[in-house]
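Please work from the sequences and hints to get the whole structure.
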Amino acid sequence: MVLIRDDVVRPKAVLDLWPLRKELAFIKREVDWVKIGALTTIEEICSSFLVRDYRYAGFPDMCGLFATPYIRSLATIGGNIGAAHPLSDATILLLTLDSEVKLVSIRGERWVKLDKLFLGKRRLAKDSSELITEVRFKEVPEKSSTALLKFDRRWGHSMGYVVAAAYAQIKDNVVREIRIAFDSMGRPFPERAKKTEEFLRGRRLSEDVIEGACTEVLPKEMKRISDYRASAEYRLELSKVLLRRALLRIKSRIRGG
Amino acid sequence: MSNSLSENRYPYIKVKLSVNGRDYEVSVRPYERLIDVLRYKLGLTSVKEGCGRGECGACVVIMDGKLVPSCLVLAVRANNKKILTLEGLAPEGKLHAIQKAFLDVMSVQCGYCLPGVIIATKWLLDKNPSPADQEIKEVLSGQLCRCGSYLRFVKAVKLAVKYLKEGKVYFDIQELKGSPLRGG
Numbered sequence: 001m002v003l004i005r006d007d008v009v010r011p012k013a014v015l016d017l018w019p020l021r022k023e024l025a026f027i028k029r030e031v032d033w034v035k036i037g038a039l040t041t042i043e044e045i046c047s048s049f050l051v052r053d054y055r056y057a058g059f060p061d062m063c064g065l066f067a068t069p070y071i072r073s074l075a076t077i078g079g080n081i082g083a084a085h086p087l088s089d090a091t092i093l094l095l096t097l098d099s100e101v102k103l104v105s106i107r108g109e110r111w112v113k114l115d116k117l118f119l120g121k122r123r124l125a126k127d128s129s130e131l132i133t134e135v136r137f138k139e140v141p142e143k144s145s146t147a148l149l150k151f152d153r154r155w156g157h158s159m160g161y162v163v164a165a166a167y168a169q170i171k172d173n174v175v176r177e178i179r180i181a182f183d184s185m186g187r188p189f190p191e192r193a194k195k196t197e198e199f200l201r202g203r204r205l206s207e208d209v210i211e212g213a214c215t216e217v218l219p220k221e222m223k224r225i226s227d228y229r230a231s232a233e234y235r236l237e238l239s240k241v242l243l244r245r246a247l248l249r250i251k252s253r254i255r256g257g
Numbered sequence: 001m002s003n004s005l006s007e008n009r010y011p012y013i014k015v016k017l018s019v020n021g022r023d024y025e026v027s028v029r030p031y032e033r034l035i036d037v038l039r040y041k042l043g044l045t046s047v048k049e050g051c052g053r054g055e056c057g058a059c060v061v062i063m064d065g066k067l068v069p070s071c072l073v074l075a076v077r078a079n080n081k082k083i084l085t086l087e088g089l090a091p092e093g094k095l096h097a098i099q100k101a102f103l104d105v106m107s108v109q110c111g112y113c114l115p116g117v118i119i120a121t122k123w124l125l126d127k128n129p130s131p132a133d134q135e136i137k138e139v140l141s142g143q144l145c146r147c148g149s150y151l152r153f154v155k156a157v158k159l160a161v162k163y164l165k166e167g168k169v170y171f172d173i174q175e176l177k178g179s180p181l182r183g184g
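Protein chains in written order, with my numbering: chain A, 1 to 257; chain B, 1 to 184.
None of these hints come from the bench; they were simulated from the model. Yeah, the Cβ is synthetic: ideal placement off N, Cα and C, and Gly gets one too.
Covered, in the sense of this in silico footprint (three residues per stretch, anywhere, with C-beta under 8 Å from a C-beta of chain A), are these stretches of chain B:
hint : segment
1    : 49 to 59
2    : 72 to 83
A few chain A residues facing chain B, derived, Cβ under 10 Å:
hint : residue
3    : Val2
4    : Val14
5    : Ile71
6    : Arg154
Laid out in structure tokens, this is it:
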């Protein structure tokens, strides 16, 4: 609606998917998977079992930062992914959970890894006949947790200069598995910080290691842009700070169980 | 100019709405927004258009218990829904405790944002009759007020909570002595 109003897109026809909510609005656990229907609203996610499980504590983080209450009641998870915009909080968190997206068309259905879905800003690796119907991720093991952080000058309705999310499994202070995602790593869509992940995987999560990941490894693989909202230097500095905070937050969440 | 939206080749669709307790049946174009129907078809001008893109909160209404920006809801999507706007908050000749509280603390200057702020407050108090300061701030964080009356909004919401706890839901407009409504 906003894009039509701003004359960014001029569709010949608009199809209202809302009547499909009967089928496509759900959050459920099935065997090893957590499945979320594309038309599930952010508000519904924020009142689901996901926000009561320490392993998925990134979701309540996200809920508190996602736009405003009246947008959370309309915005859907499918829309957040489909918008293919860098500052899509829910999408960034889903990247750290190694999510997959289900695309359905008249020819059938297929699953695409979320980190393979984006080609550019508002450009997805799917054709226009394919509909995002579901996103799913594997249940994460014990001793693991998630976190999402965002920095902006205001809390209400903030878009964020930087959004960072992470998932980590930490046993005996050693990082067993880790996934980190930012609103942008250089290209205009959310992406994983794979080299930083690689650096942290298998290491003891000491002060030195965190310092190294944030100040040495991350800046090498991240390229930030300057625009009217913030400079590239500032964004990079914020990214380092948010990554450190995310790691410490996850660590304390796992300890707190 | 060939703006496809202005051509009349789109059929009217009948939409049933229950607004402020009254039932309406209106014919709308498929691209019409709920705010247009409320303002221009039903004359409910408390629903303000600020940004028209879901950022300012001036147009929020309560639809089936959910707080929604009416500028981002297509009218057809409101079919068979119950909608509350500021006009429906209190019966004729009365003010709701929230309205009274906002007047008492003289919370407004220009007042453009206020219908949205009051509706958001109503939605909050329906969910939680005694919200903490932080919760008030979070819920009102989406309501932009360019006069910057935010601190008084929080004060007003707390006063409204007090009125409602004392069982004072409606106030007679005639009895509002010394209020800005009566001119001092």
